[in-house]
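Participant: Now for the letters of each chain:
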Amino acid sequence: MESRMQPLELGASGLEDFPALLRRHGLLSPAGQPRPAELPKDFKPTESTTILAFKFADGVLVAGDRRATSGNTVVYDRADKVLEIDRQSIMAIAGVPATAWEMARVLEHSFQFFRRTQLQEMSVDGKVRALSKLLRDNFGFALQGIGVVVPIFATFDAKASPAARLYFYDAMGAQFEATDFAATGSGSPGVRGILYYENTWGKKPLQKLDTDDAVVVALRALDTASEADTATGGIDRHAKIFPIMKMVSAGGISTLPEEKIAELFRKRVA
Amino acid sequence: MIEEPYRWVEAIANRREYIETQLASGSPIVALSYAGGILLLTVGRQKLFEIYDRIALGAIGHPGDIERLRMAAIELASTEGFTRSAADVSLRRLAYYSLSPVMKNAFEQIYGAPFLARLLFVEIGSSPEEDLFLGLEYDGAISGGQPKEPNSRFAVLGGTKASAEQMEQFLRQEHRDNEELSIAFQLALDAWTLGHSGASEIGETPAREQLRELRKQGLADGVIEAAVLDRGITSAVRYHPLTTTDLAKLTAS
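Residue numbers (this note's numbering), protein chains in the order written: chain A, 1 to 270; chain B, 1001 to 1253.
Please keep in mind that the hints were generated in silico from the structure rather than gathered at the bench.
Simulated restraints, written as ranges between beta carbons of each label pair:
no. : chain 1 : residue 1 : chain 2 : residue 2 : range
1   : B       : GLN1109   : A       : ARG115    : 30 to 36 Å
2   : B       : ALA1252   : A       : VAL269    : 51 to 57 Å
3   : A       : PRO40     : B       : ALA1035   : 58 to 64 Å
4   : A       : PRO40     : B       : ALA1236   : 38 to 44 Å
5   : A       : ARG23     : B       : GLN1109   : 29 to 35 Å
6   : A       : ALA270    : B       : GLY1125   : 43 to 49 Å
7   : B       : GLU1209   : A       : ASP80     : 57 to 63 Å
8   : B       : TYR1096   : A       : ARG237    : 54 to 60 Å
9   : B       : ALA1035   : A       : LYS203    : 47 to 53 Å
10  : B       : LYS1216   : A       : LEU119    : 25 to 31 Å
11  : B       : ALA1220   : A       : GLN120    : 24 to 30 Å
12  : A       : ARG237    : B       : GLN1146   : 50 to 56 Å
Result set (SDA-like, lysine to any residue): computed pairs, CA atoms no more than 25 Å apart in a straight line:
no. : chain 1 : residue 1 : chain 2 : residue 2
13  : A       : LYS133    : B       : GLY1081
14  : A       : LYS159    : B       : LEU1247
15  : A       : LYS133    : B       : SER1085
16  : A       : LYS208    : A       : TYR197
17  : A       : LYS159    : B       : LYS1249
18  : B       : LYS1249   : A       : GLY251
19  : A       : LYS159    : B       : ALA1248
20  : B       : LYS1249   : A       : GLN120
21  : A       : LYS133    : B       : ARG1084
22  : B       : LYS1161   : B       : LEU1219
As the structure is a computational prediction, the values presented were derived from the model and not from experiment.
Using N, Cα and C, we set each Cβ at its ideal position, and we do this for glycine too.
Start from the sequences and build out the full structure, keeping to the hints where you can.
Facilitator: Below is the structure:
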């Protein structure tokens, strides 16, 4: 905390982003350095899967199961992988939660830091790029196999066209904009199949679905993923644990209440 | 020349006079509580800023110096909020521990440049009793605190001491803690008018009609800028600038 006494040597402060500020204070590990692989052979990091997102009539729906695993052990069955970053942005995470939650925290503070210092909201492109940069900075850990994070990023900008934007990333930080849907994590192959099928041959394309129909599709997709993938929790029928679902639309972000998901599950999925 | 103590005192006095002259023309800033939180208001170029979730800043002075202090405050608050939590970001520590010593130091190092700035920080608490108003002078002096008396939850920043006193006296008589935003807004605008128009030279509070007339003249120079720290909203960020639409509605009322 001794740095507190000289906080004013900030000539280039407008250029510095929030991660750089944290690094200057030694609060974030240095960027992009691959670390030597000296992990114990039996070390298995906690990992979580599966997440999905697709555009529907009001905006973007983002959903994630609740399971976190380490090897073949279930570590936690109430993990929250769908995170609200700011009033317009949702980030969902598959991969190592230790890294992913820290990334989400850095990202949330980065957007606010930008708004406060630059006196304007960060652009959608800027936000997408900020996450990409964090992934690149983390590549050292990813190479070691202990810090792999493959997120999905969804945002809504009423002034842009299209207003609903959806991106997915690879572990190195490449960003891909999805036109209709995205899914990552170990259970994602099945989910992608279902979303592709629904979008192409379903009763309606995904973008025309209302909220209820969208929730049902997401529930069925996650249930299917958990059928074949042990790392995906899907829906826990005994303990009544349902996926976390958030939507971003013109009115901002809303979290679907558990009772609502439970009701739709009972009526149309179970 | 500075080796001689009285020369140093003289130099400091000159510097104080110089800074006061520079700040004298600054457009006043008014912060006062209303039923839903705290309102901040001024007229002219942007001088109200969001520092952190619950902390706002109003400033008079040189834009370059305001910018340096504003950035320092945001960086400190953001770093603290990131490493610990938003609840651990404290205005009291920010002002007393971080900013005041630096400003005092710059002011007393008479070969260096002082900060040409006068700051008003406001922090909204979870209850009105925890609201905090802190004024920070160019020499590092801090005024204000948590107002304990009823109807005294307000603070002002004036170009001159006389202007600030005039506004304070007016608000002591007129301000009530739990008014609607529209009433608080009109009151803040009246207080600003009083501080801006040089009515302090008259020495007494002008009548209401005279105040409205002065307000019209004052507003001809610039646009109203206002922001609120909202206690009622669920989101962590309590600071909201009032939009042009909000302002048009409030001005008309």
